[in-house]
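Participant: If you follow the hints, you should be able to join the two separate chains into one complex; please do so.
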Amino acid sequence: MNLNISFFMIFFLYLLPTHVLSEDGLSKILRKAILRGGYESPQSLYVNNEEELASEGEVLFKSKHMSLNSDVSCSTCHISSHGSSDGISNAAGIGGSGEGKERLLSGARIVPRNTLGFWGVGSKGFKVFFWDGRVDFSHYKVISQFGSNLPSKDPLVTSVHIPVVEIRETLEEDAFIISHTQESTITAVSVYKAIVENLKTHERKTIEKIADKIGINYNEVTYLHVATSVASFIRKEFQIKNTVLNEFVTNRKSLTSKQLEGGILFYGKGNCASCHNGPHFTDQKFYTVPFPQLGFGKNGFGIDYGRYNVTFNPDDLYKFRTPSLYNNGKTAPYGHSGSVMTLYDSIKAHYDPLSIVNINEYDELQRHEYYKYLSKSDTVNRVNFLTDSEVLLIIEFLRILDFD
Amino acid sequence: MKNRILISLNILACVCCIALAIKFIAMPIAAKIIYANQYKTLMFQCDNVMRDHMIAKNRVKHERSKKSIKDLESAEIGLISCHYYDKLRKKMLIWGLTEHDLSNIGLEAIEKNSYDLKKYVEYHEFKY
Chain U
0 MNLNISFFMI
10 FFLYLLPTHV
20 LSEDGLSKIL
30 RKAILRGGYE
40 SPQSLYVNNE
50 EELASEGEVL
60 FKSKHMSLNS
70 DVSCSTCHIS
80 SHGSSDGISN
90 AAGIGGSGEG
100 KERLLSGARI
110 VPRNTLGFWG
120 VGSKGFKVFF
130 WDGRVDFSHY
140 KVISQFGSNL
150 PSKDPLVTSV
160 HIPVVEIRET
170 LEEDAFIISH
180 TQESTITAVS
190 VYKAIVENLK
200 THERKTIEKI
210 ADKIGINYNE
220 VTYLHVATSV
230 ASFIRKEFQI
240 KNTVLNEFVT
250 NRKSLTSKQL
260 EGGILFYGKG
270 NCASCHNGPH
280 FTDQKFYTVP
290 FPQLGFGKNG
300 FGIDYGRYNV
310 TFNPDDLYKF
320 RTPSLYNNGK
330 TAPYGHSGSV
340 MTLYDSIKAH
350 YDPLSIVNIN
360 EYDELQRHEY
370 YKYLSKSDTV
380 NRVNFLTDSE
390 VLLIIEFLRI
400 LDFD
Chain R
0 MKNRILISLN
10 ILACVCCIAL
20 AIKFIAMPIA
30 AKIIYANQYK
40 TLMFQCDNVM
50 RDHMIAKNRV
60 KHERSKKSIK
70 DLESAEIGLI
80 SCHYYDKLRK
90 KMLIWGLTEH
100 DLSNIGLEAI
110 EKNSYDLKKY
120 VEYHEFKY
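Protein chains in written order, with numbering that gives the first Met the number 0: chain U, 0 to 403; chain R, 0 to 127.
The shape of chain R in the complex, shown without the other chains (with noise of 0.2 angstroms):
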């Protein structure tokens, strides 16, 4: 009998463990794995729609027209990409990823093209 406790609190935290490992370590890498690129995209695209709307919204302080309130308008619906940004970003944050590490995530994909920079001064160096 106590054999058999012995045996089933080992095999209950031996679940546990295993729970805890796909819970923090196996879920966030997958997160990661499956999300990361999908997350670059859509922050993009988000940051992109905000910052139409921001110009609009500057254009119509500058020079209220017909024209500019309905860019303005359209501006409006298309910050609706922010909110696919918003789902995925909650799902991964379930997944265990942390704010930091979406944060490097997204700092990722705004400097993405700082790599093309690295290779284009190797390629030209100024030495007067």
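For reference, chain U alone in the conformation it holds in the complex (with noise of 0.2 angstroms):
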């Protein structure tokens, strides 16, 4: 009996330390890995040296008169409802009416990428911008189609003069857009007048606000000062807030075991963390992640070559910039082309493409470009195989990066 009792009393002080140590000890690795990742708490990153400009970036960013000739205003595709971006699977453009799924469905043109959430763009070492990256400051030679006549040093604000130049995304074809569509520093020049002239026909108590602000008379605000307001406004507005997985990390809050199997898994065997790292979850680099084309792709036909579309270099073809994970609970659907709904699906795109395609369903041409996809995947190679309940788990981790 004695020895009996013994046992017990054993067996159970062996249990309980093994138990509390495991937690704690999930916690310390993953506190470790989140820190090696690189992470930076989200009040670390906000920086918005133009704040006092934000109120009338607000009310530009919301004015559809931002669009030369047409009727679209930036939250027309980036609207707060859906977490920044628009719900739908390729934006909207010129044409429709309404937002999102309605306007789509009403005959806007299409502009053939998903729409990106604004979460942590403009905060600090966000240097990277669109899918493709015609926006990008990573690197000692800025890439953008500003070639060497950069509108500004600042990545957000030279964004922020794209655009409102984008035919079918915010430009009608009329006979002035169509004399100006020549790439030229000219050109450019032109139709960003043109753009600031219509906002102090139609803006004008916004924009002598801005003129004041500057300390400029009014006839000198040009797009650069209307562009620093929005970019202001934007990081402002869609700044990375406090998240469960701040107080984890900085507070030692704990999370739940499924959110730290989770965490561990995502740093650990699912590899993650080899792009999505550093402050905002992305390395802002580029890789062919097999997600289906839907639509007809910024190539036409069903093809979207991404990257190569900037760079010309083959060895760019069919690669798309890492997104940020932030609060992307709440901007599905996924990929370049929205193809995605689901993050479970996202997550398997990556490792398990076909499971997610019907491919029965392609044409030939369709078969054709997803096979050089496939054959040209970076994460089939680097994700390791996971479970369906693994993905769930890893899902549960990413819940942590949501905020409101």
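These aren't lab readings, by the way, just hints derived from the structure by calculation.
Among these hints, one or two may not hold up.
Facing chain R, from chain U, some residues (calculated, C-beta under 7 angstroms) [unchecked claim]:
{"hint": "1", "residue": "Phe295"}
{"hint": "2", "residue": "Phe300"}
{"hint": "3", "residue": "Gly301"}
{"hint": "4", "residue": "Pro313"}
Per the computed footprint, the stretches of chain R lying under chain U, defined by three or more beta-carbons under 8 angstroms from a beta-carbon of chain U, are [unchecked claim]:
{"hint": "5", "stretch": "39 to 52"}
{"hint": "6", "stretch": "102 to 112"}
By construction, the Cβ of each residue, glycine as well, lies at the ideal position given by its N, Cα and C atoms.
Facilitator: The structure is reproduced here in structure tokens:
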């Protein structure tokens, strides 16, 4: 009898500390991995030198007069209720009415890429913009369509210069635009001037306030000042806020066992952090993830060459920028063409891409293009095999990067 | 005699009208019905080989090797597909279609998959 009691006591004492230690041990391992992965707290990432212009930036962000000859504003596609994207696969540009699905189905011109969320853009360390990185400040040699005539040294301000001159995204192809379609500094300056004149006509008070705050004459306001104001609003509105993950890392609060396991998979077996690292959970580099193509694609006929369209380097074919993971629970659908509806499928696309496509429904060209994607895939070799329950655990971990 | 001349002129006018109608209405419509699909296919094929050629050219620029040069040579021969596209394009212009008509047919081909997208979006809408 005594022997039995002793045995159970020893067994109980053996179990208890082991259990406590394992949770604690996992937390320590995960915290260390997160910090080693380049994590920085949200507060330390927010930098906004022109915050006083944010309120004017908000007016312009929501103004349809940012579109020179159509009726699209930045907020048409970057909608708060959709986590700063628009909830549809490809963006709906000029020519439709309403937002999101309604806009697309009402005949809007399709912009053949998925709208990226804005969370954390313009904050410290965020240097590569758009799916194909057409604004790339990550190297000493800046890449943008402005060549050596960069409008600003601030990558976000430079990026705000781009959508307003994109035909079908915010511009109708009228006589003025057709005559200014050639890529040259002079024609670009004329278009930006016309946009500012349009804003001066319809948003006069806002432009006056911008001039006042900057301390310049009303007539001296240029598109650079407009873009700086809009960038300031984007920085402020879409800054990364406190998350459960931040509480875990900086204030040593605990995670649930599922979140913990998911984190260990994210940094361990899944090798997700090999690309989703750094302060924004993106290395801001370019990879081929075999997401199926939806829509006609940037290159037409259902083809999108991704980064290649910017660099013309064949090694960059089908590569797209690693997206940030903040608030990704709110920015579905996923992938460069928004062809993947859930985070679950999105993770599966990295290591088991055939499980999420119905290859029999593809036409011969789609199949051919998809084989190319698969053959160039960077992720199938990087991400280890994960079971379905492990994928769900990773999603549990990703949820702690969401915030309101 | 006068009546004969009038009848002849009437017939001539009718023939002219019919000829004009054939030239400017019937032929373009017929060209569109007969050749539009073939035009879309050839347009895609030309676009495809041109893109392949461009990629092969850029490959040589970035990584000059025997293989990349051979690939470029093949891609150059592949450009012959554009000859068939060009021939059909001219034929359709002769049949009375305008550049604008051809651009529209081309755009339909390029954006063929936008229909799939709309169908897809109808089924999957995200609300938060």
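Participant: Hint by hint, note whether the structure agrees.
Facilitator: Status of the hints after comparison with the structure:
| no. | hint | in the structure |
| --- | --- | --- |
| 1 | Phe295 | holds (4 angstroms) |
| 2 | Phe300 | holds (5 angstroms) |
| 3 | Gly301 | holds (5 angstroms) |
| 4 | Pro313 | holds (5 angstroms) |
| 5 | 39 to 52 | holds (count 4) |
| 6 | 102 to 112 | holds (count 5) |
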